[in-house]
Amino acid sequence: MRIGLCFLYLALISSNLAGFPTSNDISDILHALEKIVSFYTSSAGESNLDGLYGLKVVEGVLKELINNSFLFSLLQDDLKQRLQLLLLSCRQPLLVGIKAVEKNDPAQYKNLKALITEDYTANNIPRNIKKELKWPFVLNLKDSFEAFDEATSDGCIGDVIRSRGASECALSKSCAKAATTQNLQSYPLTHQLLFSIEAEKLPQCAAKWDEMLIDMGYYSNVEFQRIWCTNSYYEVQGLVKVRENEDGVKHYSVDTAHLDIFFEHLYVCPSIGFYELLKEEYLPIIYRAQDDSGCYKLKTSAELSPAARKPLVEAEAKDGCMFHLTAVAATALSSYLRYSLHLKYAPDKLNTDLINDHKHYLEAVEVLKLKPRSRISYSIYKNHYIIFVVVNVIFFILFFYRKKLFICRTSRKYTCWW
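FYI, the numbering for the sequence shown is 1 to 418, going by the working numbering.
Heads up, some of the hints might be wrong.
[To be verified] Subject to a maximum C-alpha distance of 30 angstroms in a straight line, what follows is the list of computed BS3-like cross-link-like pairs (lysine-lysine):
1) Lys201 - Lys173
2) Lys173 - Lys134
3) Lys113 - Lys35
4) Lys297 - Lys63
5) Lys142 - Lys130
6) Lys35 - Lys177
7) Lys173 - Lys142
8) Lys349 - Lys131
9) Lys35 - Lys250
10) Lys80 - Lys130
11) Lys110 - Lys63
12) Lys250 - Lys344
13) Lys201 - Lys241
14) Lys208 - Lys35
15) Lys130 - Lys250
16) Lys63 - Lys35
17) Lys349 - Lys359
18) Lys63 - Lys99
19) Lys173 - Lys130
20) Lys201 - Lys80
21) Lys130 - Lys113
22) Lys201 - Lys279
23) Lys344 - Lys142
24) Lys113 - Lys177
If you are wondering where the hints come from, they were derived from the structure by calculation, not from laboratory data.
Please model the complete structure; the sequences and the hints are all you need to start from.
Right, here's the structure in full:
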């Protein structure tokens, strides 16, 4: 039965991968990345840490692709040269940007400097989302941000990063509880995933994180990330608007105010192998939003709304370019570059990894009978709970007195004196 499911799964994967990417698709992705690196070269001294992290991811993905001897040997010479030149172009703006961040924001640099000074790595072995793991509902933005806000996110990720070189991991139970709060959306959701990604990079933190997850009923970090990335996938679908013209041609778009989180979703889960988020039709959205200078801008200041931007810190260049928006676009394009190269030149390896991942998921289901849970902290729902109780008490009182009033009016046995 399990073997049959795997072969069926392989057939489904192969059918989904047909047609994309072409050589032109890969060239277009590289062209957009080259423009972004050119922008960083001219303005790295103005960037904040969040903005510079995007360039660090680009550099890390390029190194990964070039150092993958099996994949790199399959590429054409002109494509190899283009990847190598782009990698060399990242070096100078990174050096300038790191010095600028250290000078302009020493507190954040001290807390998170490893994100921009150490080599970027990620466990991006292909994995699958599972529709049965979709949460039945998500909290609104306000409650999502209260559950995992910017300070909590930076603090928890900082605790993990500062554990590098230490014998023990500084990961706390409060961070684990906040990072595993389900039913969140937007940046809280992606930052919970970023926390888990950083935790699994260090052996001492990976072991402690896995123990905490098991205590909370999860099979492993792999399955924890699968739940969160499944819900990231569905959030992306909700952000994309589809319009069909008279000829039946579909046009895909995302509101400008939501581009930042849209790009971030296209980076985070694909960076750990959940490539199902990377649809071919999303690429034109990324290309259309790019400025001629290579950066990404917001058309009006009104589009930088608190609800759309929290919990991230944006920095604006002199010409209106937004560093965080440009950074997440760069990371999304890096995800597309990695995926498209593997898909075009090493599809058999990609399919084999996906089948092995499906086997792992079946094992998790057998062990835990894995089902989506709604384990939300009481503090989030405290106000909702109080309102619920008060409303129900009022309804009960009204119902009781209405019934008693009816009896008093229709029966001679009762004397109503209130």
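Taking the hints in turn, this is what the structure says about them:
| no. | hint | in the structure |
| --- | --- | --- |
| 1 | Lys201 - Lys173 | 18 angstroms, holds |
| 2 | Lys173 - Lys134 | 25 angstroms, holds |
| 3 | Lys113 - Lys35 | 25 angstroms, holds |
| 4 | Lys297 - Lys63 | 28 angstroms, holds |
| 5 | Lys142 - Lys130 | 27 angstroms, holds |
| 6 | Lys35 - Lys177 | 40 angstroms, violated |
| 7 | Lys173 - Lys142 | 23 angstroms, holds |
| 8 | Lys349 - Lys131 | 24 angstroms, holds |
| 9 | Lys35 - Lys250 | 27 angstroms, holds |
| 10 | Lys80 - Lys130 | 35 angstroms, violated |
| 11 | Lys110 - Lys63 | 25 angstroms, holds |
| 12 | Lys250 - Lys344 | 25 angstroms, holds |
| 13 | Lys201 - Lys241 | 36 angstroms, violated |
| 14 | Lys208 - Lys35 | 41 angstroms, violated |
| 15 | Lys130 - Lys250 | 26 angstroms, holds |
| 16 | Lys63 - Lys35 | 19 angstroms, holds |
| 17 | Lys349 - Lys359 | 16 angstroms, holds |
| 18 | Lys63 - Lys99 | 22 angstroms, holds |
| 19 | Lys173 - Lys130 | 28 angstroms, holds |
| 20 | Lys201 - Lys80 | 28 angstroms, holds |
| 21 | Lys130 - Lys113 | 35 angstroms, violated |
| 22 | Lys201 - Lys279 | 28 angstroms, holds |
| 23 | Lys344 - Lys142 | 42 angstroms, violated |
| 24 | Lys113 - Lys177 | 25 angstroms, holds |
Violated hints for the displayed structure, listed by number in ascending order: 6, 10, 13, 14, 21 and 23.
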